[in-house]
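Peer 1: The lines below spell out each chain.
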Amino acid sequence: MAVKIIESCVNCFACEPVCPSKAIYEAKPHFLVDAKKCTECEGDFPVHQCASICPIEGAILDSLGVAFNPPGSLTGIPPEKMAEAMAELQAH
Amino acid sequence: MQLPVLNDAPAHAADKKGGCAASSCGTTDNQMDSLPDSIREKVQNHPCYSEDAHHYFARMHVAVAPACNIQCHYCNRKYDCSNESRPGVVSEVLTPDQAVKKTMAVAATIPQMTVLGIAGPGDPLANPERTFETFRRLSEEAPDIKLCVSTNGLALPDSVEELSKHNIDHVTITINCVDPEIGAKIYPWIFWNNKRIKGVKGAKILIEQQQKGLEMLIAKGILVKVNSVMIPGVNDQHLAEVSKVVKSKGAFLHNVMPLIAEAEHGTFYGVMGQRGPTPDELQDLQDSCSGDMNMMRHCRQCRADAVGLLGEDRGDEFTIDKIEEMDIDYQAAMEKRAVIHQAIQAEMDSKRLEKATKAQQHKEEPKLTTRPVLMAVATSGQGVINVHFGHAKEFLIYEASPDGVRFISHRKADQYCGGDTSCGDGESVLQVTVRALAGCEAVLCSKVGYEPWEMLEAAGIAPNGEHAMEPIEEAVMAVYKEMAAAGKLDSTPEAARASA
Chain G
1 MAVKIIESCV NCFACEPVCP SKAIYEAKPH FLVDAKKCTE CEGDFPVHQC
51 ASICPIEGAI LDSLGVAFNP PGSLTGIPPE KMAEAMAELQ AH
Chain P
1001 MQLPVLNDAP AHAADKKGGC AASSCGTTDN QMDSLPDSIR EKVQNHPCYS
1051 EDAHHYFARM HVAVAPACNI QCHYCNRKYD CSNESRPGVV SEVLTPDQAV
1101 KKTMAVAATI PQMTVLGIAG PGDPLANPER TFETFRRLSE EAPDIKLCVS
1151 TNGLALPDSV EELSKHNIDH VTITINCVDP EIGAKIYPWI FWNNKRIKGV
1201 KGAKILIEQQ QKGLEMLIAK GILVKVNSVM IPGVNDQHLA EVSKVVKSKG
1251 AFLHNVMPLI AEAEHGTFYG VMGQRGPTPD ELQDLQDSCS GDMNMMRHCR
1301 QCRADAVGLL GEDRGDEFTI DKIEEMDIDY QAAMEKRAVI HQAIQAEMDS
1351 KRLEKATKAQ QHKEEPKLTT RPVLMAVATS GQGVINVHFG HAKEFLIYEA
1401 SPDGVRFISH RKADQYCGGD TSCGDGESVL QVTVRALAGC EAVLCSKVGY
1451 EPWEMLEAAG IAPNGEHAME PIEEAVMAVY KEMAAAGKLD STPEAARASA
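Same order as they appear, the protein sequences are chains G and P.
The first sequence begins at 1 in this note's numbering and counts up by one.
The second sequence begins at 1001 in this note's numbering and counts up by one.
No lab work stands behind these hints, which were simulated from the structure alone.
These figures come from a predicted structure and were not determined experimentally.
Do not take every clue at face value.
What the hints assert, rightly or not - For each label pair, taking beta carbons as the anchor points, the in silico distance ranges come out as:
1) P:E1129 to G:A83: 32 to 40 Å
2) P:R1136 to G:E26: 15 to 23 Å
3) P:E1324 to G:K4: 33 to 41 Å
As the list claims (entries may be wrong) - Keeping only pairs whose Cα atoms sit at most 30 Å apart, straight-line, the calculated DSSO-like set for lysine-lysine is:
4) P:K1078 to G:K81
5) G:K4 to P:K1078
6) P:K1322 to G:K28
7) P:K1195 to G:K36
Claimed, not checked - Which bits of chain G does chain P cover? Going by a derived footprint, with three or more residues having C-beta under 8 Å, they are:
8) 45 to 54
9) 74 to 84
Where a beta carbon is used, it is the ideal one built from N, C-alpha and C, also for glycine.
Modelling step: build the complete structure from the supplied sequences, incorporating the hints.
Peer 2: As structure tokens, this is what we get:
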């Protein structure tokens, strides 16, 4: 039972101080979660603290490997709109 | 009563009742004069707070604060590009120890650097340990450097006590709205009391914290500048109200900045096609706010790791690798800096006096009745015209009118094209530059080449290389008088106010 930080993490430090179990640590190329320490905030908070402050969609996964913050959920940019803009830029 | 624009006028020589001094005209007669002495003293060598000082003194930001507690629609936390200059962008995040080393290295190498700010790339107060460790050490080890901080305000009320301990006398709060409904269109979420809070509810908390923090800072005697991002169709109509509110609570300067939004930035506004304001729209809003407030017009919206005079960035000279190798004797550097600062201050004082004398002369001459004209100026500092047209990275825009000369804004010359020879649809850098000067009727620089000369003339902008090394305001007024004498100001201009 632990969350996971994956490669889209931008190393912004936001999650590290809010973790009640001190399970998150700075590492290269990105921050990591010590699965032995992570409690998924149980007993401390009703919601996962790291996933509640993380600004990057898809960077933190739950114990089943599902992103807490799916595309569009934090920026408000509809995923199809983002794909369109990226395709436009690629074309140039 | 109108408050002055904090530009440049001499305290002693400005006209006290009505009328305009050439150097200080626009919304006001005597600018810094109406500020209390204590504030004037604090800002006279701060490039970000004093238009006059920004020609002489430099600033730097250290990027020690990566975490943020809110999301803004003009910001993308993934972005990290070394070629781009805008807030929130940095090349490397520093530890407080590296930041202290870097600051001392810059202070020793660029003695005109007077101000160290922490502005991100996240929110400094969402990284209190890293931010305050940096401030604590710098106030001990480099006491001749002014410290300032810029924040979104969410954590501000909790930080005021600590800020006042570190002898930080300048704080900038970004306040884009005082109405939560508008806020919800700018801020998709905040992190507050261990929860992510979205929409109007989150925006309401943020606004309350910003206003509370502003009041607490004023109560502590700390100077507060307010930054606002102008977003057409979102908060442009609302910012005059923001200006009134923050002024009534004691903020001393309001800086309205244009939204920067391009799809390649990957921000909400960029991807969704939200446009930024035109130079005319920005100027109109700044003018409409200036009746209530000191407006700032010379902000360059610099990166969270910028180094140097406003408008320049020497960050590449001070990367972590390079500063590790530098051996700094700060005591010696401090002595040298004091001498140089004194010389700059003396030069600024004598130029102010000169400007005031000219302004007096101007007032005694018969008053013109001609229309106002915008002119672009190429300068690299010291308040004189000293850059070749082709070398200018930016132009300062001044308005000349029968009332005198006033600073309006700056415009970038090379936009997003960097060193490329073409931009987008095959438009040359030169064409982009000429387009950036739309609305201006003259451009003053130390020299202009043949090719740009023809293009400028074709665009209705008179190139002028006759005032090299002359003080900006004097030269602009001289050109204005020439234009008036030549009868060029009787008709409506071809190019004026047609800027895109």
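Peer 1: Give a verdict on every hint.
Peer 2: Going through the hints against the structure:
1. In this structure the hint that E1129 (chain P) and A83 (chain G) lie 32 to 40 Å apart at CB holds, the actual value being about 39 Å.
2. Our hint of 15 to 23 Å for R1136 (chain P) and E26 (chain G) holds, since their Cβ atoms are close to 22 Å apart.
3. Taking 33 to 41 Å as the suggested C-beta distance range, the pair E1324 (chain P) and K4 (chain G) conforms, at roughly 34 Å.
4. Distance check on the hinted pair: K1078 (chain P) and K81 (chain G) sit about 18 Å apart at the alpha-carbon level, within 30 Å; holds.
5. Among the hinted pairs, K4 (chain G) with K1078 (chain P) is consistent with the structure: their alpha-carbon atoms are about 19 Å apart, no more than 30 Å.
6. Of the supplied pair hints, the one linking K1322 (chain P) and K28 (chain G) holds, its CA atoms being roughly 22 Å apart against a limit of 30 Å.
7. With a C-alpha separation of about 24 Å, the suggested pair K1195 (chain P) and K36 (chain G) falls inside the 30 Å cut-off, and the hint holds.
8. Only when three residues or more bring their CB closer than 8 Å to a CB of chain P does the claim for the stretch 45 to 54 of chain G stand; here the count is 5, and the claim holds.
9. Residue count for the stretch 74 to 84 of chain G with a Cβ under 8 Å from a Cβ of chain P: 6. That meets the three needed, and the coverage hint holds.
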